[in-house]
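Chains as they are written, first to last, in the working numbering: chain A, 1 to 424; chain B, 425 to 591; chain C, 592 to 721.
Incorrect hints may have been included.
[Stated by the list, open to error] Derived coverage of chain C by chain B (criterion: at least 3 residues anywhere in the stretch with Cβ under 8 Å from a Cβ of chain B; other residues may be distant):
| # | segment |
| --- | --- |
| 1 | 612-622 |
| 2 | 635-641 |
| 3 | 644-658 |
| 4 | 685-699 |
[What the hints assert, rightly or not] Restraint-style ranges between C-beta atoms, simulated for each label pair:
| # | chain 1 | residue 1 | chain 2 | residue 2 | range |
| --- | --- | --- | --- | --- | --- |
| 5 | C | Ala703 | A | Lys356 | 19 to 27 Å |
| 6 | B | Ser573 | A | Gly119 | 40 to 48 Å |
| 7 | A | Ile252 | C | Ala703 | 31 to 39 Å |
| 8 | C | Asp670 | A | Thr304 | 46 to 54 Å |
| 9 | A | Ile47 | C | Met707 | 53 to 61 Å |
| 10 | A | Ala128 | B | Ser573 | 43 to 51 Å |
| 11 | B | Leu530 | A | Leu19 | 48 to 56 Å |
| 12 | A | Ile27 | B | Ile580 | 52 to 60 Å |
| 13 | A | Phe334 | B | Ile580 | 28 to 36 Å |
| 14 | C | Met707 | A | Arg91 | 29 to 37 Å |
| 15 | C | Met707 | A | Ala203 | 56 to 64 Å |
The hints are simulated quantities; they were obtained by calculation from the structure and are not laboratory data.
Glycine included, C-beta positions come from ideal geometry on N, C-alpha and C.
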Amino acid sequence: MTEWLARQSELTLAIIRVLLLIAPILILVPGLIWWERRLLSWMQDRIGPNRVPTMTNAKGRKYRAAGLVQTLFDGLKLFLKEDITPASVDRKIYFFAPALALFPAFVLGGTMPFAPQSGIWQYLTPVADIEIGLMFVLAISSLGVYGVVLAGYASNNKYSLMGGLRASAQLISYELAMGVSLLAVVFASGSLKMTKLVEMQEADWLGGVPAVQNWFILTPYGLVAGVIFLICMVAESNRAPFDLPEAENELIAGYHTEYSSMKFAVFFMGEYAAMFIFSGIFACVFLGGYNILPIDWAYLHSTTGSSFFKVVADLNYWLAPLTFLGKCTFGITFYIWLRATLPRLRYDQLMSLGWKTLLPVAVVNFCLVGVWLIMEDVMSVGIAWVTYAISVVLILALWFGIKNKLPNKLERRTVTLVDPKRSA
Amino acid sequence: MESGFPVFVVLAVVSILSAIGVVAFKSPVRSALSLVLAFFTLALLYFNLGAQLLGISQIMVYAGAIMVLFLFVIMMLKLGGHDKQPEKTDRRLYVAIPVSIAIAALVLTKFIEPMLHVPVSVIGDEYGTPQAIGPALFTTYVWPFEIASVLLLVGIVGSIMLAKKRF
Amino acid sequence: MQALIAQVQGPAAAQMLVAYLALGLALFVIGGIGVVLRRNPVVVFMCIELMLNAVNLTFLAFARYQPDQWRTPTLGDPDPTISAAMSGQMMVIFVMAVAAAEVAVGLGIIMAIFRMRNEVDIDDMSTLKD
Chain A
1 MTEWLARQSE LTLAIIRVLL LIAPILILVP GLIWWERRLL SWMQDRIGPN
51 RVPTMTNAKG RKYRAAGLVQ TLFDGLKLFL KEDITPASVD RKIYFFAPAL
101 ALFPAFVLGG TMPFAPQSGI WQYLTPVADI EIGLMFVLAI SSLGVYGVVL
151 AGYASNNKYS LMGGLRASAQ LISYELAMGV SLLAVVFASG SLKMTKLVEM
201 QEADWLGGVP AVQNWFILTP YGLVAGVIFL ICMVAESNRA PFDLPEAENE
251 LIAGYHTEYS SMKFAVFFMG EYAAMFIFSG IFACVFLGGY NILPIDWAYL
301 HSTTGSSFFK VVADLNYWLA PLTFLGKCTF GITFYIWLRA TLPRLRYDQL
351 MSLGWKTLLP VAVVNFCLVG VWLIMEDVMS VGIAWVTYAI SVVLILALWF
401 GIKNKLPNKL ERRTVTLVDP KRSA
Chain B
425 MESGFPVFVV LAVVSILSAI GVVAFKSPVR SALSLVLAFF TLALLYFNLG
475 AQLLGISQIM VYAGAIMVLF LFVIMMLKLG GHDKQPEKTD RRLYVAIPVS
525 IAIAALVLTK FIEPMLHVPV SVIGDEYGTP QAIGPALFTT YVWPFEIASV
575 LLLVGIVGSI MLAKKRF
Chain C
592 MQALIAQVQG PAAAQMLVAY LALGLALFVI GGIGVVLRRN PVVVFMCIEL
642 MLNAVNLTFL AFARYQPDQW RTPTLGDPDP TISAAMSGQM MVIFVMAVAA
692 AEVAVGLGII MAIFRMRNEV DIDDMSTLKD
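Here chain A stands alone, though its shape is the one from the complex:
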């Protein structure tokens, strides 16, 4: 198999790689929707979709498979529904917008490696291992706004337009914090290449602990950057609690109010594909990519001589795509958990979170990475830890010192639905 792949032309390999990236997403999106509905219903203490039978045997017994086929029938329903195009839409842009919404969701994964760059896997992933992989991710995710904005504009509906406007402001704002948080990791690893980023995370933890891998989420600066990236990626894919562009209690359904049938399904699919790929990028950049655990199996094998570690290292190699899928599922579960837990933000809260909290924290973190790297280079990891801790304490002290002196313009409202004193 490896020899056969090595003999193929670059074009054939490219087609194989694209199929290996796109096909799983297309197949897994219905499963993803099922997972979201089941998990959400479990979190909200109800049953969720479990009624649609997969098959009925001769005795009339129905097999349900926990409602897995529900999503397929939902998709079928969306296909067969009447496709209504309102009379006064801007037709060309109206038809063009869903396609434009789907495009970045799929292209985003173009630089994402889901397996190690050796043996057979190097021919299968990623689609393009370019020098500027992480910038590619940022650039393509910034194109995601067009589908939403144009859908809002073309629908010729005030609510849709407001949804589109909200989306454009929101996506531009959160892009900044996302970029700066990724910069911190790029600074630490010294490369923009995605495969290189993952390989950097296989090095010794904090430059000194040989058996543990240096996953960025396990380093102090990487943890901060990772949390910021996680928040920004939820905002970038317009998911709760950042789903203001489609806030149903204010804007009906936001930018896709006027879309029905298949065109709505395309928006829906774009959102879920983007969730999937953003989770994958999070896994690549912060969670050590395709490695099961942050443990250097080959090192353990060479020091202890135990063949058990050799087996695990081989498993780690051959199960890489599955591990990666598992990490994607982790990210998606985070999305769903967040949706079940947090209420939607108000618009001014959204903006102040992006500009006044995430962006400054990301910039400070970026500066601290520089301090960390210099200290690690000049002195040692221990000194770097101490410097990092001292800087964080100093910055927090500075912030709490000036916090009360700043004018607080953020409006706070409280609504008491049931007065606890009277009801008791």
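Once you have looked at the hints, place chains B and C on chain A.
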């Protein structure tokens, strides 16, 4: 011809057509969209030239940020409304186009055409990688870089001043 | 950095250079026509962006394909080819930064004018002149 030439021809045709679209479309939203397409093809042309970092910055800065701002303003001001009267075409059209074409022909024959006959060196593809640009940006060109950052800061402050209703 | 230069001198490179320059010229002229003809300030602004980008394209074309006789040697630079390629790219970076600042301020001005007069036609904006 070099290997990049067929790609260049396709991209050049697309970019010129979309540039004409920017000028010719009556609706500002359509103009903005064709400008996005023009910027995107220009980014691909940069890739064809080997300048990968600048190509991706082109997509990020122009297609991802500047054009979204344009669309935002167009929608805020409702300039792209469907019932807007189209702009009148006026007599300037009959002067502007011949004069521009004449100037273009002049530049083409006097400045660009002579370059067909001079020796030209080609630099390798690596000149556009972040590894090559980064050191240059932070050593030789560090002062222009700082001035650019100050300029951006002034731009931010200026636009906030303009946008604020009362002080 | 020495490995950068692949000296492919000859007519093919010169033709590519001329092709890129001609494209840059065409885009610049189209943008210029737009600036003269259109009356919507936002569209005029977009045409200016197009002209800036046309110039960027010529900078990059010259960074890649360098006519030998016009390349001025920089003082203390071991390889003028590399420094020429770098300076071309740096110009593009600075043009992008200037364009971004310009758009922020320019769109702010357009918004302010719109708030004041509730209609935008570039030919009607002559308060300062009258």
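The hints, checked one at a time:
Figure legend: the segment 612-622 of chain C, annotated as covered by chain B; annotation consistent (9 residues with Cβ-Cβ distances under 8 Å, at least 3 required). With a cut-off of 8 Å between beta carbons, the segment 635-641 of chain C has 5 residues touching chain B; three or more are needed, and the interface restraint holds. Evaluation of the coverage hint for the segment 644-658 of chain C: fulfilled, as 10 residues show C-beta separations to chain B shorter than 8 Å, against a requirement of three. Residues of the segment 685-699 of chain C lying with their CB closer than 8 Å to a CB of chain B number 13, which satisfies the three-residue condition for coverage.
A beta carbon spacing of about 25 Å between alanine 703/C and lysine 356/A agrees with the range 19 to 27 Å that was offered as a hint. At roughly 45 Å, the beta carbons of serine 573/B and glycine 119/A sit within the given window of 40 to 48 Å. Look at isoleucine 252/A against alanine 703/C: about 32 Å separates their beta carbons, and that is inside 31 to 39 Å. Checking the proposed 46 to 54 Å range against aspartate 670/C and threonine 304/A shows it holds: the Cβ atoms sit about 52 Å from each other.
Remark: the range hint 53 to 61 Å for isoleucine 47/A to methionine 707/C is upheld by a beta-carbon distance near 59 Å. Range check, alanine 128/A to serine 573/B: about 31 Å between beta-carbon atoms, so the 43 to 51 Å window is missed. At roughly 52 Å, the beta carbons of leucine 530/B and leucine 19/A sit within the given window of 48 to 56 Å. For isoleucine 27/A paired with isoleucine 580/B, a C-beta distance near 45 Å fails the hint of 52 to 60 Å.
At roughly 33 Å, the beta-carbon separation of phenylalanine 334/A and isoleucine 580/B lies within the given 28 to 36 Å, and the hint holds. At about 35 Å, the beta-carbon gap between methionine 707/C and arginine 91/A stays in the expected band of 29 to 37 Å. Between methionine 707/C and alanine 203/A the Cβ separation comes to about 59 Å, which falls inside the hinted range of 56 to 64 Å.
Violation of the numbered hints given earlier is confined to hints 10, 12; the remaining hints are satisfied by the structure.
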